[in-house]
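Starting from the known structure of chain Z, arrange chain C on it as the hints suggest.
Chain residues, written in single-letter form:
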Amino acid sequence: MAANLPNQAQVQGGAGVTEPGISHNEHTHHDEHHEQGFLSKYVFSTDHKTIAKQFLITGMLWAIVGGTLSSLFRLQLGWPESTFEWLQPVLGKWIEAGKLNPEFYLALVTMHGTIMVFFVLTAGLSGTFSNFLIPLQIGARDMASGFMNMLSYWFFFISSVIMFVSLFIETGPAAAGWTIYPPLSALPQAIPGSGAGMTLWLVSMALFIVSQLLGGVNYITTVINLRTQGMSMSKLPLTIWAFFLTAILGLLAFPVLFSAALLLIFDRSFGTSFFLSDIYIAGQALPNTGGSPILFQHLFWFLGHPEVYIVIMPAMGMVSEILATNSRKPIFGYRAMIGSLLGISLLSFVVWAHHMFVTGMNPFLGSVFMFLTLIIAVPSAVKTFNWLATLWRGNIRFTAAMLFSIGFVSLFIAGGLTGIVLGNAALDIQMHNTYFVVAHFHLVMGSSAFFGLFAGVYHWFPKMFGRHLDEKLGYVHFWLTFLGVYLVFLPMHYVGIAGFPRRYYAWTGFDTFSQFANLNKFISVAAILAFFAQFVFVFNFFYSIFRGRRASENPWRSTTLEWTTPVVPGHGNWPGAIPAVHRWPYDYSKPGAADDFIPQNVPYSQTQSSNLPYEKEME
Amino acid sequence: MTALGILLVLALLLVVFGLLFRLQILTSIFSGSTTREVGVSNRVNAILFIVFMIVGGAAFAWSFVDNFDKMNPPIASVHGHATERMFWTTMIILGIVFTLTHILLFVYSYKYQHKEGRRAFFFPHNNKIEIIWTLIPAVVMAGLVFAGWKEWSRITGPAPKDAVVLEVMGKQFNWLVRYPGRDQKLGMVNYRLIDATNEFGFDLSDQSGLDDFVAPEIHVPKGHPVLLRIRSRDVLHAVYMPHFRVQMYAVPGMPTKFWFTPTKSTDEMRAQTGNPKFNYELACNQICGRGHFAMKLNIVVDEPDDYVAWFSQQKSFSEQNPDVLASFKQKTNKLASKEAAIPAAAVVPAAKASL
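So the sequences go chain by chain: Z and C. Position in the first sequence (from 1) plus 10 gives the number in my numbering. Position in the second sequence (from 1) plus 109 gives the number in my numbering.
Check each hint, because a few of them may be wrong.
Stated by the list, open to error - Sample of chain C residues facing chain Z (criterion: CB under 10 Å; computed from the structure):
(1) N151
(2) S172
(3) M200
(4) V254
(5) I264
(6) I339
(7) A392
Unchecked claim - Computed footprint of chain C on chain Z; a stretch qualifies when at least three of its residues, placed anywhere within it, have a C-beta under 8 Å from a C-beta of chain C:
(8) 366–372
(9) 415–427
(10) 473–485
(11) 523–531
In case anyone wonders, no lab produced these hints; they're calculated from the structure. Built from N, CA and C at the ideal position, the CB exists for glycine as well.
So that you can see chain Z by itself, here it is in the shape it has in the complex (with noise of 0.2 Å):
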């Protein structure tokens, strides 16, 4: 990898040298631009750019399935009595005599949600902007190991395809839920998805955990060896410490998940008892005894859980630097912004078993489990505090990053407090798997990642692609996604607490939970019409790419190293020697400088008026 040598070069020469920017030798290697095919260019990139824009074009492609899904059983939600002959076109032997099959409808849940959580909103999210920013902005020439990461987004390739290929096999998709608890997911007697839907399911998790594993341990690596010179951890914008902390999660929790499904594939194709135990199912009863469908949940959740901070702290790494940015303001509290952080990400390990608060699990256990559940609110409520200070006396730019961003904060409040009613284990027995915790999680670690992920490529997509997204258009964008986001998931709410449960095909057998028919059909529409709005999003984002306006190198008045670079930045990332870094990410209208940003290369010899009492020593 010419790439990552120069940059080798520079860490081991950089400790002795005090001038900013100089270079040593390292720029032999620039010069000797050999001219790249088409393949190795855009296809088997080992330059995280690349890998990056491939990433995200692959998530929102998914992200257009995934919603695509849920258009689909929204339908079914607001006209259960409604018959869908209409649809047969696309959709074929899954509308019976007009009507949705309710195996298929339960296929569609479960694909959504696996495709939203992990092939957007981990994939498409931290994959995406991990690799986008992490050498750019901690000053690095690229990955540690392009080839692994190159790996990484051709190991997710080959899982998309494998999940997307599940889609439209006979027995159908996966279909027990993205939770996929045995025995339904083990037994193709019990649901027609447990057969070769499921088979591919786990086939393409296990190569999708594998994909987040080498991209994980390169985000890590990158991230403690390849600092340029001055950049020390106290000086990593957020963006940074949220990525490097979201690797460090998911390093440790995918693991767990890649064992549960490999005992899962033990108990379907090689007759283990490992989730399974005195089973009577299709006339027949079972040979397996001992096993535990609660242990399967478990291991599910010690991923699970620190899964859905993986798909969250990487947003708020990105809101945090963007707010800053465009509220022309240091993000107040930069450390105890780091300390929120580490903070959550060693709760979410201690967290998962509030999920399982009425499986059976020992009621002491869940006493323990509220309690930890109930600290991790702490350093969430500290980050919002930072967020709205951070606000507090700006000089406030509305980029559509910028909406985006106080859009994340608006979601991440209104998701994050019904979080503390289900965390709390007594009012969990009468909200678990009800719609208040659909409402719940579609705000606090839906629609704020994807916040996050469109405020992301607003702000950086003209580093990406040297162009700038049309504003006006993502303006619309914004108020149309923000509106429909709480229309559907508010009213989604009193629906939950009125006890409808998740997953249902319909409620119109239960007189309980008849009384919400307009509600639901209202909370259709919000959806369907908020899915149609994304499109604005993404013609702006294809247009733009070839017709958007040019960009400048640094059109946000930024202070992170990304925007030293040029407008697009090539392989290499900077031309010349790698900027050099005296000061923290965050000197924005510092009282008695000329400009109201001040980059983190610039040394702070060349800032004297503005320099604090204890910068004066650092001149």
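Leaving out everything else, chain C in the frame of chain Z:
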């Protein structure tokens, strides 16, 4: 023809949008707003946040009040009243936090919108403030945890000794109910014995199973603790009884339990809700396959006397299925003497006493 028409209209709409989009770009180039760092749209967005807050907040408040009655299934258990109080107390606290933080978020966004010549206030950190807003949520959380823990321990604590016991078993896709009969002991079952007749897998060589009876719906006495023993015989299910605030998974291979005390009979609830057809319902709340959404079981809360009457009318499984019994030939002769030994009324002594 209509489909073609709709497609045509959609295509025209897209063209119109496309033209508007191009027009918008051209006007913004002419007006020079692409060269300014901050244009008119900054102000528009700032105002939209305030509009969103006021209109959205009002709409939220209205819809909440409007739907409030619908979102509260009537409560019919002792612990249900306690958790309901806790739920709404928590929601009020959360509502206050939600409102305050959103007012700050939107008002700050409006108030501190970009102004030419103004400079943001350089305010990187303040440890005192950080400590304050770490401690406040910590204290509130501690309070909520403590209240929740106390209630949770009470609910999940051991059931009273005199509780009425019954077993609910989930299967694809309905619920089976079994009562222990007059000896108050549920007999042994074995999943390998299950067949079309013996759906529970009764092992009738066990004495205590001989008087067990199955029922098409759950009957429980009002005002008396009820202990549900919960099983599944195929995949996961969950017993969910929203009116009683009861939920517990049904796990194959791992029996679970939940106890509660119903406070209102079905008749009383019919009168209270003004709905003569009201029934307490049990729903499955863990995805279990095709019929998941239709796994319903009715629960009847009887006055204690009615319950005793109903109970004493039930015929045991072994009595109704003599051929199953015959296959467990040993010890059948002890059945008769055992049945006579325990009077029906003994099943709900506490209920009797309270009358």
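Hints broken by the structure, by number, lowest first? Per hint list: zero violations.
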